[in-house]
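If you read the protein sequences in the order shown, they are chains A and B.
What the first sequence shows, in this note's numbering, is residues 975 to 1086, in sequence order.
What the second sequence shows, in this note's numbering, is residues 4 to 117, in sequence order.
It should be emphasised that the hints constitute simulated quantities derived from the structure, not laboratory data.
Here a beta-carbon is modelled for each residue, glycine too, at the ideal position from N, C-alpha and C.
Watch out, some of these pointers could steer you wrong.
[Claimed, not checked] Cβ pair distances, simulated, as ranges:
#: 1; chain 1: B; residue 1: HIS85; chain 2: A; residue 2: LYS992; range: 30 to 38 Å
#: 2; chain 1: A; residue 1: ARG1082; chain 2: B; residue 2: GLN13; range: 18 to 26 Å
#: 3; chain 1: A; residue 1: SER1056; chain 2: B; residue 2: HIS85; range: 38 to 46 Å
#: 4; chain 1: B; residue 1: SER57; chain 2: A; residue 2: GLY990; range: 51 to 59 Å
#: 5; chain 1: B; residue 1: ILE63; chain 2: A; residue 2: LYS977; range: 12 to 20 Å
#: 6; chain 1: A; residue 1: PRO1035; chain 2: B; residue 2: GLY65; range: 26 to 34 Å
#: 7; chain 1: B; residue 1: PRO15; chain 2: A; residue 2: ILE1051; range: 38 to 46 Å
#: 8; chain 1: A; residue 1: MET1001; chain 2: B; residue 2: THR58; range: 38 to 46 Å
#: 9; chain 1: A; residue 1: GLU996; chain 2: B; residue 2: SER73; range: 29 to 37 Å
#: 10; chain 1: B; residue 1: PRO15; chain 2: A; residue 2: ILE1070; range: 18 to 26 Å
#: 11; chain 1: B; residue 1: SER83; chain 2: A; residue 2: GLU996; range: 35 to 43 Å
[Stated by the list, open to error] Incomplete in silico selection of chain B near chain A, CB under 10 Å:
#: 12; residue: PRO21
#: 13; residue: THR97
#: 14; residue: LEU105
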Amino acid sequence: DVKVTQSSRYLVKRTGEKVFLECVQDMDHENMFWYRQDPGLGLRLIYFSYDVKMKEKGDIPEGYSVSREKKERFSLILESASTNQTSMYLCASSSIQGYGYTFGSGTRLTVV
Amino acid sequence: AQSVTQLDSQVPVFEEAPVELRCNYSSSVSVYLFWYVQYPNQGLQLLLKYLSGSTLVESINGFEAEFNKSQTSFHLRKPSVHISDTAEYFCAVTRTGGGNKLTFGTGTQLKVEL
């Protein structure tokens, strides 16, 4: 069964910590995406990547960075976590044709 | 750029009643359209998609959506809902040509009651 795996379902971090959210897909997809989901705001794109070592900013990249060293893995990094980054983070991947995404189960991050 | 509007944040409905979840989009170019469903504490799952061809598309669990280019809409319907349909539903759009990021609406919470 093909899937996108996010390493943690729930995460609690302290303000100022460096946080790594990991995402791995086993579908050999070229495209990978990081979204955050907040009530009433829907899904907002943070960063995406069309290929290894390539990245592009989405709609809300401030406070985040990403890394894609291998095709199957796309990491989201919070350089210095803040309370306003408390959210549900969703990773997704798609083929180069982009006919819809496959999502991971999400990581609910709480920054205290 | 594309945008999606889901006007209804919550839709309560009784079991076995019909339901329509509204989605309107804005784009200056041709688009692909999608509906995703999110059950509690889970990621999003693709429900159905319109890429080309017939404007009426169906899912395996009885939902359907119709692409209406003149009204820039892609409303989701089901003639008879079940308790298990309780979830949040997201409409999404991307421009044709593939390989592009999806833009999502803010979601509609469907609550099915007995």
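For each hint, the structure was consulted:
{"no.": "1", "hint": "HIS85(B) to LYS992(A): 30 to 38 Å", "result": "violated, 45 Å"}
{"no.": "2", "hint": "ARG1082(A) to GLN13(B): 18 to 26 Å", "result": "holds, 21 Å"}
{"no.": "3", "hint": "SER1056(A) to HIS85(B): 38 to 46 Å", "result": "holds, 41 Å"}
{"no.": "4", "hint": "SER57(B) to GLY990(A): 51 to 59 Å", "result": "holds, 54 Å"}
{"no.": "5", "hint": "ILE63(B) to LYS977(A): 12 to 20 Å", "result": "holds, 19 Å"}
{"no.": "6", "hint": "PRO1035(A) to GLY65(B): 26 to 34 Å", "result": "violated, 39 Å"}
{"no.": "7", "hint": "PRO15(B) to ILE1051(A): 38 to 46 Å", "result": "holds, 40 Å"}
{"no.": "8", "hint": "MET1001(A) to THR58(B): 38 to 46 Å", "result": "violated, 29 Å"}
{"no.": "9", "hint": "GLU996(A) to SER73(B): 29 to 37 Å", "result": "violated, 45 Å"}
{"no.": "10", "hint": "PRO15(B) to ILE1070(A): 18 to 26 Å", "result": "violated, 41 Å"}
{"no.": "11", "hint": "SER83(B) to GLU996(A): 35 to 43 Å", "result": "holds, 41 Å"}
{"no.": "12", "hint": "PRO21", "result": "violated, 25 Å"}
{"no.": "13", "hint": "THR97", "result": "holds, 6 Å"}
{"no.": "14", "hint": "LEU105", "result": "holds, 6 Å"}
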